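Visitor: All chains should be built: construct the whole structure from the sequences, respecting the hints.
According to the UniProt record's numbering, the sequence shown is numbered sequentially starting from 1.
No wet-lab data here; the hints were simulated from the structure.
Please note: incorrect hints may appear among the correct ones.
In silico DSBU-like links for lysine-lysine, alpha-carbon gap of 35 Å or less [as the list claims (entries may be wrong)]:
#1 90 / 59
#2 643 / 280
#3 485 / 412
#4 254 / 280
#5 44 / 227
#6 275 / 643
#7 254 / 44
Computed spacing ranges between beta-carbons, pair by pair [said to hold, decoys possible]:
#8 370 / 562: 23 to 31 Å
#9 254 / 375: 50 to 58 Å
#10 574 / 374: 51 to 59 Å
#11 566 / 519: 26 to 34 Å
#12 634 / 561: 17 to 25 Å
Note that this is a predicted model, so its numbers are computed, not measured.
Cβ coordinates follow ideal geometry from the N, Cα and C atoms, glycine included.
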Amino acid sequence: MLGERYGWIPSSEDVSADIRDNFDWVDHLSITHMEVTHGALRPKNPNAAFFLRDPTFLKDIPEEFYGSFVDDDPLCVEQLKELKSRLHLKFPDQTFDYKCNFSDVQAADNKVQLSDLDDFCTQAVEFLKNAFNKKYPEDRLQHDPLSIELLPHDTYMEQKGQLVLGREAEMEKLMQFATGDDVSSSAVPSDSGQAEQGSCPILMVLAQPGTGKSSLMAKFTMEVIQKSDNVLYHFVGCGPDTMDPTNILQRLYKKLHPSGSETEEDNEMSPDQLKEKVQKHLQDFGEKKERLVIIIDAVNQLADQSSTFHLDWLPPTFPSNVRCIVSTTEHPPTLSRLRDRQPPPDELTVPDLDKNTRQDIVTRYFKRYNKALDKEQLELLTSSDGSSNPMWLAIACEELRVYGVFEQVTAKIQSLPPYLEGLLSMVISRVIQEDETRCAEKMLCLLECSQSGLQQTQLLMLLGDPEKATPLPLLTWSQVHRSLKPFLRNTTGHMNLPGMDFCHNSIRQVVQETLLSNQATQQNYHKLLADYYQGQCASQQLVALELPYHLQQAGLHSQLVEFLRKDPRSLKMAMHSRQKYMNAIRCRTYIPPGGFHGGHVAQIVICKMCSMRMQAFTPARTMNKDTCVICGHFTPFKKEQQKVQFCMLHKPPLVAPGQDWCVVCEKPAIALRGRQNDPAYLCMMCSVGISTNRCAKV
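Guide: Structure representation (structure tokens):
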């Protein structure tokens, strides 16, 4: 709220060095002007509102009070005028002018009273309501689908991209590749001489774990979206579904697909169909004059990282007006699949931090807590082999900050393992050993076993007494959360509700190796999570997303089949997810064409009694004869190669010649009055590819 007074301008001596560094202080600005600059102008804050008071009321104010409302210093007058002008220019929809009138001078405290502020009140309340509605819409599910989809990526990007030091050269190379007119003149060294004319190879950002690769990608994304409106960015692992390659294909398809032309068939496409559609739309986009920038961080963390199909969906080249940047660690399968492409990608390796940057990071870190290392300690810490890794440096600084014996800080620095995994293991062991709540280890294991983090309400219940539905006391929660805070980051989960997860994949790996190396222990935690989603989670969408995963990981296959076939909540799942889970636990035996020979083998059918009934293979109300016996998908059109077959191990018991075997009631089936029983069928997706001629026993 601004009137006609500019406010106090502190001298250079009034502003400490810490405040200068923390707020990037500008001399000769008032405190108010500096607050506006730091809190609104620099970050382009969408939630900042400015109310500028019309000065016409001043003519009615008694002369003795005039100095309390108006600055007489020429510099202050000009600075205030410039600030108001800049606010109108920068925030035209967030800057409001309002009028008021002089009312009276209050006798009790001798202060001027103003009246007629109804317009001001209306504007302020309306702005706050709109801001709340944007942040917390009444119906999150009906909110703009694009905004919902982007929120976890935006949250991750803002967190990771806040403080990136010493990466100016890499930022410049990335920006030149993304926005330059001629990729051949890019600052990134290129080995892709085989790229066709009019095409652009992928740029691969390569880094060791913990070297700040994701922070670099986040910072670069924040800057490139300021220069281009046509950017698709995807941070693998930032939220639910983001590790699924199909999710990336769907987002890319929507980006390339003409707005408003999406059909129901588009949402039901298989990954192979999506891949073909994306390829076609990329070719069509190549004929346009506009530019598209695609940024995918951490492709080494995709769910298919160990499969033979890893990165098959990613084209080796793109049209010249499409720039694709992917990042990865030195994960051998990912690196091999990228480098074996023809043409191979251009590569940008993220180097170690230089000495000056390391010292800058350490100094800034301790300044936030009004602490500092002496010169010897700073030199010792930043000379360690591990200090070239930003994450190692951050974890080491936090470990030193909480270390209680000041006289032994130097010895503590010398004892720190010089590699990231060793340091993480040491710190996690120390946290668990000092944890009086006895919940830290359990929370780490729960987060590791989760798909993409957990919400606070879920953790409170899981760390409390889930059987009695008694959550962990908040005081205990605050203790365990504070001890694990250096390892965590805020996330956006289901329905855009806030959650938390590990801040880096290296922490996940260390927890896996040190706390969950035993398979039985892993399965126990997955069972704990499965029991929670099965019996206590109120969101059907979240149950459909999480419960099948944890049942599968816990080895509870019969319960998984029961959920998918009988529980109505499973209908919230996408069909391809149902197919994935059911085929994963299906018998893998291959049946040769023509089946097995030797003796009578009954045909697998659905008898006449069962064929007209419903819900044998799915909670949906579809007749059994028109349902895939694996995934429950509606299958009205059938082909010979989709008939159900069983291997020798799972074949039905011997039945009399001429009799069939009903897969529903698991009894011999006799043709009644010459009417043949309906053969049991699989859907197209459960009978092609690696599922061709495969035993249908689940």
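Visitor: Does each hint hold? Answer for all of them.
Guide: Each hint, compared with the structure:
1. 90 / 59: holds, 30 Å
2. 643 / 280: The given pair, whose Cα atoms are some 33 Å apart, holds under the 35 Å limit.
3. 485 / 412: holds, 21 Å
4. 254 / 280: holds, 13 Å
5. 44 / 227: Judged against 35 Å, a Cα distance of about 15 Å means the pair holds.
6. 275 / 643: holds, 28 Å
7. 254 / 44: Given that 35 Å is the threshold and the Cα spacing comes to 28 Å, the pair holds.
8. 370 / 562: 23 to 31 Å: Violated: the Cβ-Cβ distance is about 58 Å, outside 23 to 31 Å.
9. 254 / 375: 50 to 58 Å: holds, 55 Å
10. 574 / 374: 51 to 59 Å: holds, 58 Å
11. 566 / 519: 26 to 34 Å: holds, 28 Å
12. 634 / 561: 17 to 25 Å: Holds, at about 19 Å.
Of the numbered hints stated above, the single one contradicted by the structure is hint 8.
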